[in-house]
Each structure stands twice: as structure tokens, then as C-alpha cells.
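*Asks:* If you want the building blocks of each chain, they are given just below.
There are 2 protein chains.
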Amino acid sequence: MQVPVGISNRHIHLSDREVTILFGDDYELTPFKPLSQPGQYAAEEVVTVRGPKGSIEKVRVLGPTRRQTQLEISRTDCFTLGVKPPVRDSGDLQGSESIEIIGPKGSVTIEEGVIIAQRHIHMHTKDAENYGLEDKDRVYVRTGGDRSIIFENVLIRVGDTFSLEFHVDTDEGNAASLKNGQLVEIVSIHILR
Amino acid sequence: MQVPVGISNRHIHLSDREVTILFGDDYELTPFKPLSQPGQYAAEEVVTVRGPKGSIEKVRVLGPTRRQTQLEISRTDCFTLGVKPPVRDSGDLQGSESIEIIGPKGSVTIEEGVIIAQRHIHMHTKDAENYGLEDKDRVYVRTGGDRSIIFENVLIRVGDTFSLEFHVDTDEGNAASLKNGQLVEIVSIHILR
Numbered sequence: 001m002q003v004p005v006g007i008s009n010r011h012i013h014l015s016d017r018e019v020t021i022l023f024g025d026d027y028e029l030t031p032f033k034p035l036s037q038p039g040q041y042a043a044e045e046v047v048t049v050r051g052p053k054g055s056i057e058k059v060r061v062l063g064p065t066r067r068q069t070q071l072e073i074s075r076t077d078c079f080t081l082g083v084k085p086p087v088r089d090s091g092d093l094q095g096s097e098s099i100e101i102i103g104p105k106g107s108v109t110i111e112e113g114v115i116i117a118q119r120h121i122h123m124h125t126k127d128a129e130n131y132g133l134e135d136k137d138r139v140y141v142r143t144g145g146d147r148s149i150i151f152e153n154v155l156i157r158v159g160d161t162f163s164l165e166f167h168v169d170t171d172e173g174n175a176a177s178l179k180n181g182q183l184v185e186i187v188s189i190h191i192l193r
Numbered sequence: 001m002q003v004p005v006g007i008s009n010r011h012i013h014l015s016d017r018e019v020t021i022l023f024g025d026d027y028e029l030t031p032f033k034p035l036s037q038p039g040q041y042a043a044e045e046v047v048t049v050r051g052p053k054g055s056i057e058k059v060r061v062l063g064p065t066r067r068q069t070q071l072e073i074s075r076t077d078c079f080t081l082g083v084k085p086p087v088r089d090s091g092d093l094q095g096s097e098s099i100e101i102i103g104p105k106g107s108v109t110i111e112e113g114v115i116i117a118q119r120h121i122h123m124h125t126k127d128a129e130n131y132g133l134e135d136k137d138r139v140y141v142r143t144g145g146d147r148s149i150i151f152e153n154v155l156i157r158v159g160d161t162f163s164l165e166f167h168v169d170t171d172e173g174n175a176a177s178l179k180n181g182q183l184v185e186i187v188s189i190h191i192l193r
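From first to last, the protein sequence lines are chains V and Y. Numbering (our numbering) for the first sequence: 1 to 193. Numbering (our numbering) for the second sequence: 1 to 193.
For reference, chain V alone in the conformation it holds in the complex (with noise of 0.2 Å):
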């Protein structure tokens, strides 16, 4: 049961209501590069980020646009920013973190969107049935490696248009000593005290 590893960067997805306050009128973002998940793209566009402590530039903007306006950053940034987020899925947004997001054409202050992007693989349909594992399911899986780790409560999506990936952000990816692409295991395990 291996898994390849895609480690993701910061990054934001931005409602169609804050793409015309960050970059006007109309704007429609332009896709530069896909992502493995189906229909995803990175956009050329990129926005700074301003907690009360401090900044982050070049945020890379992802698309296409979503209802609800969602910044994911590592806890690393988190202290970078003077920010405190939750750890959550992506979507589960109520009540998470507010952020300033600053574009060429203007700013706005988002009152919740930001999250710790709660780790996960994501699964097409019959790859979870040839696992034997469901939608929200949760698994460990297992690095290798000398700096080895074995994430626990990894959330299973499963989806027609998913395509197998375990999604890490930069902490845990450098934490484990991961590579874009690298093979990781599902694995159970029993844990004795």
C-alpha cells in the first residue's frame, strides 16, 4: 500500500469576491502550471500576507476560484505571521484564523479562512476499494528513511477525480526529511505502553 508524497507549499485559494478587490474588475486568474489533482492549477498570480507580526510575500494563488477565500500555511509561517490557525481539513472553515491579504489592486482583511492544512491522502475511487478503505477513513502511514516518521490520523478522500497522493505541507515534509514524489506506506500498527 504505497502512496507518492506531494508537499505542499503555502498557498491561498481566493473566492471570486477577493480576486476583484486584489486584482480588479473582471480579473480572471492565469493558470501557469497543473497540479496532480485533476482541474487544479497554480496561477501565475501571487498576493502578500500580513499577520500582526509580520509578512509573507509571493504567496502563490491556486485555482480555480472557490466559494470561500482559504489560506494554508505550515506552523513555521504561523510564527512568521503572529497567527494562531487550527489544524483542520480543507473547507472546514468556521472560525479559523483572519489574515490581511494584499494584492496589486487592493487589500482585504478575511475574518476566517486561514488553516494548518490537516494531512491527508487523497484516493480515487477504486484505489480505495482495492485498499479496502472508505471516505474519512483514518490510517498511519509510514516514511522510511533514516529521520523515518509514522503519521497518525491521516484522513482518507476518496473521490472519482482524485488521484493518489499523500499531502503533507513543508513542516512535516522537511520534518521527515520527504521528497515530491517519494513512496510512502500505509500501514497498521499496534501501539503498547
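These are calculated hints, taken from the structure and not from any lab test. All values derive from a computational prediction rather than experimental measurement. Take the hints with a grain of salt, since some may be wrong.
Identical copies look the same in the list; a pair holds intra-copy or inter-copy alike.
In silico BS3-like pairs for lysine-lysine, Cα to Cα no more than 30 Å straight-line [to be verified]:
1) 136 to 179
2) 179 to 84
3) 126 to 136
4) 58 to 179
5) 179 to 126
6) 84 to 58
7) 105 to 84
Chain V is already provided as a structure; the job is to place chain Y on it using the hints.
*Replies:* Frame of chain V; chain Y shown alone:
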């Protein structure tokens, strides 16, 4: 078998020779704050380190001086500097990475001495007896919480002057959302495929 966490930010141990080059003849480090391991301290002094891709300022010097200069950085720092140090135990520096170090009175390039520190547990001889562990044993450490991680290959270091602490770097601490002083657990696990 609970152990308090100590998260190490990037830091440098200097030899007498490099203290002289960086800070001047007959210079002595000024203790600023004692560390948890007896006799060790954070010094008031900081240095800049420069790699092929970038620099990091205000890297804390730890005292007392050592026989060989040793810079411990995270993998996140490696990308900033453009260096590729090995993951090593403290003091195991042969063939490790090179770096330029810049102080107020001079600069020096060390041919080796840059490492990513292998996570480890410091343990007093009596703790080791209580736990049935020996120097150089390897254990699993489970952090708990919603980003719970089981770290594999955690080195046990036993000494009569060591105080009980699980040392990780900032990447490892952030990946598991750890805080200094938080208790984590040494566990036994069986891995099933």
C-alpha cells in the same frame, strides 16, 4: 515513560579558534541563559552564516566552546542557505557540510561541521536504569494530539550529567505542533503491513 520536549532552534557551537577569528583575540563567550543540560548555556553572541543560496543572521552561539565548530540547522534552513548537510548525531562531523561563518571581527569558512541534528533523548543514568534502557538504544516516541507523530529511530543518550529531555529541531516540533516542556511518550510498537 514520559519525556519532556526540548525544541532546538538553529544554533552553533564554536571552537576556541573560531571564537578568536569571529570575535577577536582573547575573546570569551558571555553566558546569557542556562540550557536544560547542566553546564551548557546560550551565549549573548550571535553570528551570520552564509551558504551558496542565502544567509541567516542572528544564529545563537551556545557555550562552552568545543573542540570542533558545529552548526545545527533545520532542513527548512538548508533550503534558505542552499546546503545539504547530513542527518547526524552531535559530534559526528566527518565529511559533513561546509559553511561560511561571519562575526563582528572576522569570518571563516569551515570545511565540515554543518549537520541536521538526529533527534535524541538525553537521559540521566538513573532514568536509564528505571526505564531499562542503555546508551545508543533506539526507541519510538509518540507525541499525541491531533497532529500526533510517532518518531522512529530516536537515539538514547545516557550520561551522569544529562537531564531527561527529547530533543527535536523546529521542523520536527512544528510538524507535530509540539511545545517546549510538553510530555511525550516512549512506546513500543508493532508494525503490520
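*Asks:* Would you mind marking each hint as holding or not holding in the structure?
*Replies:* Quick rundown of the hints versus the structure:
Taking the shortest Cα distances, residue 136 and residue 179 sit within 30 Å of each other both inside one copy (25 Å) and across copies (28 Å). For the identical chains of this complex, residue 179 and residue 84 are neighbours both inside a copy (27 Å) and across copies (14 Å), given an alpha-carbon limit of 30 Å. Taking identical chains as interchangeable, the C-alpha atoms of residue 126 and residue 136 lie at most 30 Å apart only when both belong to the same chain, with a minimum of 15 Å there against 45 Å between chains. Taking identical chains as interchangeable, the C-alpha atoms of residue 58 and residue 179 lie at most 30 Å apart whether they share a chain (22 Å) or sit on different chains (29 Å).
In the homo-oligomer, the alpha carbons of residue 179 and residue 126 lie at most 30 Å apart inside one protomer (26 Å), although the nearest pairing across protomers, at 40 Å, exceeds that limit. Both within a single protomer and between protomers do residue 84 and residue 58 lie at most 30 Å apart by alpha-carbon distance, with minima of 21 Å and 25 Å respectively. Taking CA atoms no more than 30 Å apart as the test, residue 105 paired with residue 84 passes inside one copy only; the shortest distance there is 27 Å, against 40 Å between copies.
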